[in-house]
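Protein chains in written order, with our numbering: chain A, 1 to 429; chain B, 430 to 786; chain C, 787 to 903.
The hints are simulated quantities; they were obtained by calculation from the structure and are not laboratory data. Note that this is a predicted model, so its numbers are computed, not measured. There may be inaccurate statements among the hints.
Quick look at which bits of chain B chain A covers, simulated, 3 or more residues with Cβ under 8 Å [what the hints assert, rightly or not]:
| hint | region |
| --- | --- |
| 1 | 472-483 |
| 2 | 503-514 |
| 3 | 534-543 |
| 4 | 594-605 |
| 5 | 715-728 |
| 6 | 731-745 |
Glycine included, each C-beta is placed from N, C-alpha and C at the ideal position.
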Amino acid sequence: MAKKEDDKGTNPGLNTPLLDQLEGGPWPSFVSDLKQWSETKPQVAQLLNQLEESYENRWNYWTGTVLNVSGYGGGVIARLSDKAEKYPDLAEFHTIRVIPPPGFVYSTERLRNLADICEKHGAGILQLHGLTGDALALGFDNESTFAAAEELMANGWDLGGSGAALRSLQCCVGQARCEMACFDTMKTTRFLTNHYIDFLHRPEFMYKFKIKISGCANDCANAMIGSDMPIMGTWRGPMQIDQEKVAEYIEEKGIEHVIDNVITRCPTRCISVKGKQLLVDDENCVRCMHCINVMHKALKPGKDQGVTICLGAKRTLKIGDTMSSVIVPFLKLDSEKDFENLTDLIDRMWEFWNDNGMDHERIGEFIARVGLGTFLEGCGIEPDPRMVQSTRTSPYINFEELAPGNFEGERTQQPKAWNREPETRESTS
Amino acid sequence: MSATKLAQRDQGAPDYTKCLHPAMVKNYGKWMEHERIRPGVLVYTAENGDKLYTVRAGSPRTMSPITIRKICDIADRYCEGFLRFSTRTNVEFSLTKKEDIEPLIAAIETELGFPIGGTGASISNIAHTQGWLHCNLPATDAAGAVKALMDDLIDEFENENFPNRVKISTSCCQINCGRHSDIAIIVQHHHAPRINHNNMQICELPKVVAICPAAAIRPSVVDGNPTVEVVAEKCMYCGACHGQCPSMEIRDADTDSLSIWVGGKGANTRGGPSLMKLAVWGLPNNPPRWPEVSEAVRTILAAYREGAKDWERVGEWIERIGWQRFFEKTGFPFTKYHIEDGPNAMWTYNRSTHVRI
Amino acid sequence: MSIEVNGKVIEIDEEGYLVDREDWSEDVSEAIANRDGIDLKDEHMGLVDYFRDYYEEHQVHPTMHVLVQRLGGKIGEKFHEHKEYEKFLYMLFPTDPVSELCKLAGLPKPLPSEHDG
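Please construct the entire structure, taking both the sequences and the accompanying hints into account.
Here it is in structure tokens:
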């Protein structure tokens, strides 16, 4: 490949008057960073020059293609430049998705290792992190993709998911640094990643499936509207109240502040104030976390903690936005048996979705098409009123119990729930 | 194919316990409370009284090894060799020595040039997508738009001057990977895809027909070759076919525009999660700094800051004051295009006599 | 780029996909497989035939989902057993079975599914 040798200082091959306008200003500039880096990696200069042309013409010059490392059906986002004649180093310029440590925590040893490998084999540009929950490494041609992937894996990294597969999981910082986390988000993320690693690396679903995990209803992992299956921390029974600290808070801020910001903001009006004490109607608390956020020293989630599991969010293509809705109101997530319950549930939902879904149909779209009732039956999950905001308004219903048998033989049935023996698979974590 | 020995496959997620600050390992699951010392700096207290300070800095997300190594150097110096990235691409440095906070901040500011903030009722870093840098479908850039916008909003990142936190996202095509946010900027196309009939053999036609949500694509033959045609009146310019088949070009450098959506929220607090809704459309796709977008975002933020009650997110504020007031306060026009026409349209109309007169 | 099969020169693209799909024959399949370092056996050829038949009928190539459902279903009822069949396919074709089979069967190169940030 033709690479121009640079003089010292700024890369003479760079011609980026528009991008240069993104160098000033107080926010850190990726342009300045990449320009400096282009002195080490000439292909980065070509990348910036191509980006400059995009800015100039408001046009994109990347074409997608398919490339996989041996044994995997995903993890590489392969791109070819439409301007390869002009920018030969961009002819093949792929991204490798790398599964980050859960919660995006790194030791500098690990992060340097990642950067070193990416620099050795490719353009070395890292994005921390993509909205898919992966660490993204940019700028490898075909050969260096394979070489980098092998070296990454030899160094304890693994590639992330892409295509019609389980995608890399993502979670909040959880119990590592937050008192609000109701379960071990990092452990759950690592457990599910490793348990379902086959599904992450070898796509076989109808379409992608994303699991994101947040320790409480505040949803710092962006799970509720950003994943097919949010696993959200919650609790049973009363929340913890330290009435002394409540009194201190009221003395400091005044009763009006508490009424305006806590009492009247409760979505179920289950909290009231008496003197300098807070009274909570725990039966009606929906664990929204608002009062705990405001008075976070006095109030805490209850002690009997677990998760609520929802299902179905995706952005607007093709049937309009879907939001996640409750599928399991409460599940403990402590013991090995609890995790088995979780994987058994996921197995059943995936099986029903994959046996009955259509090509490119996300699980939320599938539920919208067949109905939540059918889906629950297909997965062997008991309907629960906490799964709905209200019961139905349409009176046209196929009551299986009340319908007479079809006189021309068997009545058409909804897909039947089948009883599977819950499979026990050993965790690899 | 080379016969070199392959590395171990299917290792899964790295062991996080080896990536945690010692104070996090020691107090895992035993944290008691937190406090914000100043914007961008928090202290977490464990049950045993241990304290862990965390400084949050905004990163540009796309970084060279030079920057990554500078981050590591700082983490080695002050944070016992550990660090974390937040969901919205901030870098978090945790340390146990209170006296090191100021030197740490000075190091971040001088060596990295990263601003400190993004906590509490501020504007956090902007969640964004790949854009022209590396995506195959985008109609606009992402990282550049974020840089320009955050230059403008840096004060709001470094201070906590809003009623509640504000999350912003940008997306560079109609697939909208940036997702719902308090304020979201997305690209919109304005005509049906242009079909390159000479290059349709690379696409699988049944899939192209099936993927159209508006059932606007049907099989056709041009010059004796199988291809598809698009019923223009049915097309809603979503670009689903373009994702499936590169020969159906949906983008148009001359006519693509940007729109701003408000009120998306993922947190379950108070009213629960909500979807974002259209606020402004028809803004020009104007690289390198998209000034019209910055101005519209600032207009929305100013009205929100003035009008919202404490703890109200953008969507909750609008829900309380009503869309009529939203358009009055921001000065944006309300048009027929703001009215939903999808399958759930009727549920978004005002189905009562509740009217602010 | 081209390969020579039984004395006939056949155009292929850089990755080995046929430029003209009419050129396909079993011998061509074998030549492409040799190029990719795959030793074609009956199991491989059975799948190549399946791909050609499926494409003939549906005008789309079978996805991995279709393979594990239709073919994997023959070795077991359950979902994790499908996965075993998929692993078997990866043993036959370590680098992306679906793409490789499309190549060997003379079908168009599969496109990437759309991507997010």
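Hints versus structure:
1. Coverage of the region 472-483 of chain B by chain A holds [criterion: at least 3 residues with CB-CB distance below 8 Å; count 3].
2. Coverage of the region 503-514 of chain B by chain A holds in this model, with 7 residues showing a Cβ closer than 8 Å to a Cβ of that chain against a need of three.
3. Remark: the region 534-543 of chain B is confirmed as covered by chain A, as 3 of its residues place a Cβ nearer than 8 Å to a Cβ of that chain, reaching the required three.
4. Only when three residues or more bring their CB closer than 8 Å to a CB of chain A does the claim for the region 594-605 of chain B stand; here the count is 3, and the claim holds.
5. Closer than 8 Å: that is the beta-carbon criterion, and the region 715-728 of chain B has 3 residues meeting it against chain A, so the requirement of 3 holds.
6. Here the region 731-745 of chain B counts 3 residues with a CB under 8 Å from a CB of chain A, which clears the bar of 3, and the coverage holds.
The structure meets every hint from the earlier list without exception.
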